[in-house]
Amino acid sequence: DAGVTQSPTHLIKTRGQQVTLRCSPKSGHDTVSWYQQALGQGPQFIFQYYEEEERQRGNFPDRFSGHQFPNYSSELNVNALLLGDSALYLCASSLIGGKTDTQYFGPGTRLTVL
Amino acid sequence: GNSVTQMEGPVTLSEEAFLTINCTYTATGYPSLFWYVQYPGEGLQLLLKATKADDKGSNKGFEATYRKETTSFHLEKGSVQVSDSAVYFCALRGGGGTSYGKLTFGQGTILTVHP
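Protein chains in written order, with my numbering: chain A, 1 to 114; chain B, 115 to 229.
No lab work stands behind these hints, which were simulated from the structure alone.
Warning: the hint list may mix true and false statements.
[Said to hold, decoys possible] Label pairs and their calculated CB-CB ranges:
1. A:Glu51 - B:Ser117: 45 to 53 Å
2. A:Gly3 - B:Ile224: 38 to 46 Å
3. B:Val196 - A:Arg22: 31 to 39 Å
4. A:Asp62 - B:Glu130: 32 to 40 Å
5. B:Ser172 - A:Lys13: 23 to 31 Å
6. B:Phe132 - A:Gln56: 32 to 40 Å
7. B:Asn173 - A:Gly16: 26 to 34 Å
8. A:Ala80 - B:Lys170: 40 to 48 Å
9. B:Gly115 - A:Gly3: 39 to 47 Å
10. A:Gly3 - B:Arg181: 29 to 37 Å
11. B:Arg181 - A:Ala38: 38 to 46 Å
[Stated by the list, open to error] Chain A residues, not near chain B, derived (Cβ > 10 Å throughout):
12. Arg22
13. Gly40
14. Arg55
15. Pro61
Beta carbons are placed, not taken as given, at the ideal position from N, Cα and C, and that holds for glycine.
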């Protein structure tokens, strides 16, 4: 049973560029959440997707956008990158309405903005 | 809004010592509470959870009890091992109709266990 997978593992971009991160949820899960984890900090919620729609959003600017596909996989897009966007980006999947809606995390994508 | 506060770290222990990592929370409604662990260079792994008051979550020798009266969810282990060295995060998922929503995390506690 495959867990949550994310790609790429590492990414280096320069300020002003755009980046797309990808996530495949755990088998049987239908909901994907994205988190940003700055170095030495706890993860911060960016947004959550269910049924291909953004259901909840954290305190992040519109430069952060996402998408969920019919197969439940998801993308996180960040435009006009800033140095402060350097972080580990974590994807978590869960199943709404299941016996447990615990979120399971992927290994993350390390984004470095130069 | 919801918030989670963890004890200041880092925590350094000798193997077989007793571990306590304190976690308190502020939330409306009836949140679910979680402990996640992060090993170096990896994502977060769920360690244990509790969904209602007085529930005890347990896994791999770790335990935590959901105390609504003290709004706490302290993590304990009776005898730590070197392999327990990691960063531990306390988190909550809000109640009050947001059960499927975001997790709010504490700042994390670094645990180092020496042989």
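Status of the hints after comparison with the structure:
1. A:Glu51 - B:Ser117: 45 to 53 Å: violated (29 Å)
2. A:Gly3 - B:Ile224: 38 to 46 Å: violated (25 Å)
3. B:Val196 - A:Arg22: 31 to 39 Å: Since Val196 (chain B) and Arg22 (chain A) have Cβ atoms about 35 Å apart, the given range 31 to 39 Å holds.
4. A:Asp62 - B:Glu130: 32 to 40 Å: violated (51 Å)
5. B:Ser172 - A:Lys13: 23 to 31 Å: violated (42 Å)
6. B:Phe132 - A:Gln56: 32 to 40 Å: Holds, at about 38 Å.
7. B:Asn173 - A:Gly16: 26 to 34 Å: violated (44 Å)
8. A:Ala80 - B:Lys170: 40 to 48 Å: Given a distance of about 47 Å, which is inside 40 to 48 Å, the answer is holds.
9. B:Gly115 - A:Gly3: 39 to 47 Å: violated (30 Å)
10. A:Gly3 - B:Arg181: 29 to 37 Å: Given range 29 to 37 Å: holds, Cβ gap about 31 Å.
11. B:Arg181 - A:Ala38: 38 to 46 Å: Check failed, 30 Å falls outside 38 to 46 Å.
12. Arg22: holds (15 Å)
13. Gly40: Gly40 (chain A) not clear of chain B: closest Cβ-Cβ about 8 Å, inside 10 Å.
14. Arg55: Non-interface label fails for Arg55 (chain A): nearest chain B Cβ at 8 Å, not farther than 10 Å.
15. Pro61: Check passes; 17 Å lies beyond 10 Å.
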